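Visitor: Using the sequences plus the hints, can you model the full thing?
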Amino acid sequence: MIQLVSFYIFASIVIASAAMVIFARNPVHSVLWLIVAFFNAAGLMILIGAEFIAMLLVIVYVGAVAVLFLFVVMMLDIDFAELRAGFVKNVPLGLLLAVVLAAELVLGVGAYQAGAVTLGTPEAGAATVSAAVPNIEAIGGLLYSKYVFMFETAGLILLVAMVGAIVLTHRKSHGTRGQSISSQVQRRPEDATRNVNQPVGQGIEL
Amino acid sequence: MTSFFQTLGMSYEAAWFTATIAGILLIALPLMLAVALIIYAERKLWAAFALRRGPNVVGPFGVLQSFADGLKVFLQETIIPSASNRGLFLIAPIITFTVALMAWAVIPFADGVVLSNINVGLLYILAISSLGVYGVVIAGWASNSKYPFYSAMRAAAQMISYEVSIGFILICIVLWAGTFNVSGIVEGQRGHIFGFINAYAFNPLLFPIAIMFLISSMAETARAPFDLTEAESELVAGYQTEYSSMAFALFWLGEYANVLLMCALNAILFWGGYLPPVDWAPLYAVPGIIWFFVKILLMFFVFAWVKATVPRYRYDQLMRLGWKVFLPISLFWVFLVSGYLMFTGHFA
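These protein sequence lines are chains H and Z, in that order.
By the working numbering, the letter at position 67 of the first sequence is numbered 67, and the numbering carries on one by one without gaps.
One gets the working numbering by counting positions in the second sequence from 1 and adding 1000 to each.
Be careful, since some hints might not be right.
[Unchecked claim] A short, non-exhaustive set of chain Z residues, derived as facing chain H with CB atoms under 7 Å: (1) LEU1008; (2) MET1010; (3) GLU1013.
[Said to hold, decoys possible] Covered stretches of chain Z (in silico footprint by chain H; criterion: 3 or more residues with CB under 8 Å from a CB of chain H, positions within the stretch not fixed): (4) 1118 to 1127; (5) 1131 to 1144; (6) 1150 to 1162.
Just so you know, the hints here were simulated from the structure itself, not pulled from any lab data.
Since the structure is predicted, the reported quantities are computational estimates derived from the model, not experimental observations.
We put the CB at the ideal spot given by N, CA and C, even for glycine.
Guide: This is how it looks when you write it as structure tokens:
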């Protein structure tokens, strides 16, 4: 009962907020609706017992990716008139995309219901994980044994992407004055200040 | 508690539901009281550090000062700037406050006394604490004002930076404890050193990251010396500048609930949580919740001590500390701890 109620709550919020991502006029609102959608999708994951995936979804997407989205979108100088000006021009393309996506959905669901595809066959000897094993352990066991090459490859691809981003943005800047932390840390009071016992009426030599 | 409600003749689901609601209230309401008292305690501590008296008028020794302040802000008018984004402006403090309460769901107060004993407890805490930034960012943006906006930018960058190293530090602890379950981590510390001392912090390999976690948790809660989001000398009051009355009070309560949470996390991860300091039978006569509270209060004393004595960091220093010092060290420490555990056959 509680599962059912919470499923409908989560699912309807996901769909509603996903729609609001598109319909919101303000891009910042769109990102915030996206965050709501992510968060409730994590709730759905918990309902099917994938608590690790749910937590990862919140940590990675809500906690990091969406913050960066928000960071960028908040700094945009938005001209609403200009945003709407491109609408008519892009309508045909958008409609085409929508039709293609809808057709693919119909095709996919139809094929699945017709029984033409089977979604993955368990290999011989692949033991199903019992519900007693925490799924963080189950995933870890698979990831570091059977799929270790895939996993390492994914890591390498991310590393390449990171190196690429650094190479693209890291260039020697001219005319800026950086902080030299070590010289700041090594600076002692004696280097900058001087105690004097000056007689009254005489100035200090600097 | 579910079984107690079941004896009253409820079905399992109804009993579970009632028990959970009761549990939430049992955590949230005392937490509010604790926040009020901890604000008083902190003001007294700062006063002592600065050789002042601190609040001493309302109630005996000024204990009721926080309640008087609460009543005052409650009676004030909520001013919403006309240029602000009204809905988000009001939602922001609610987010901060709610998120600050949510993470307490997985904190074990004593052996088995925990609202939700989930397998991924530590990840849950990490996930929820990463939500905390939204309250600040939304507040800063919705205020439609210069300084709150700067503050929001700083908050976003700061919290992301320190979450990375906090994640690596937590991984070290998880490696040693072998579980993400928060109660499991506490139990893993039973007799950790020579079978006698109940704390990871006395492990020479884990002590450096205990210190790093303490510093990172100050940065994560945007406390002094890392309170750049509300640096009054640069940003008026940061993201709170446009806020008044209850909206402001919610930020305030949320901030202190977060600080208490971080103190609790420090106590749980490194100082043995609800276990007594040493594994000696007579000490178990004292209930675990008392040990836990004592540890939280000691951590809070450290937080207040730092806030009273350490000057504020510069923004570039903050970023440097996060990315160039803590990140490499904590990454190296994951390597070191896992290597040590592998070498000594901890998992065999």
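Visitor: For the segment 1131 to 1144 of chain Z, do at least 3 residues have a Cβ located nearer than 8 Å to some Cβ of chain H?
Guide: holds (count 6)
Visitor: Grab the minimum C-beta distance from LEU1008 (chain Z) to chain H and call the hint holds if it beats 7 Å, violated otherwise.
Guide: violated (18 Å)
Visitor: Can MET1010 (chain Z) be said to touch chain H, with a Cβ gap under 7 Å?
Guide: violated (13 Å)
Visitor: Under 8 Å between beta-carbons, do enough residues of the segment 1150 to 1162 of chain Z, three at least, approach chain H for the coverage claim to hold?
Guide: holds (count 6)
Visitor: Once the shortest beta carbon distance from GLU1013 (chain Z) to chain H is found, is it less than 7 Å?
Guide: holds (5 Å)
Visitor: Using a Cβ cutoff of 8 Å, are there at least 3 residues of the segment 1118 to 1127 of chain Z near chain H, or does the coverage claim fail?
Guide: holds (count 7)
The structure shown violates the earlier hints numbered 1 and 2.
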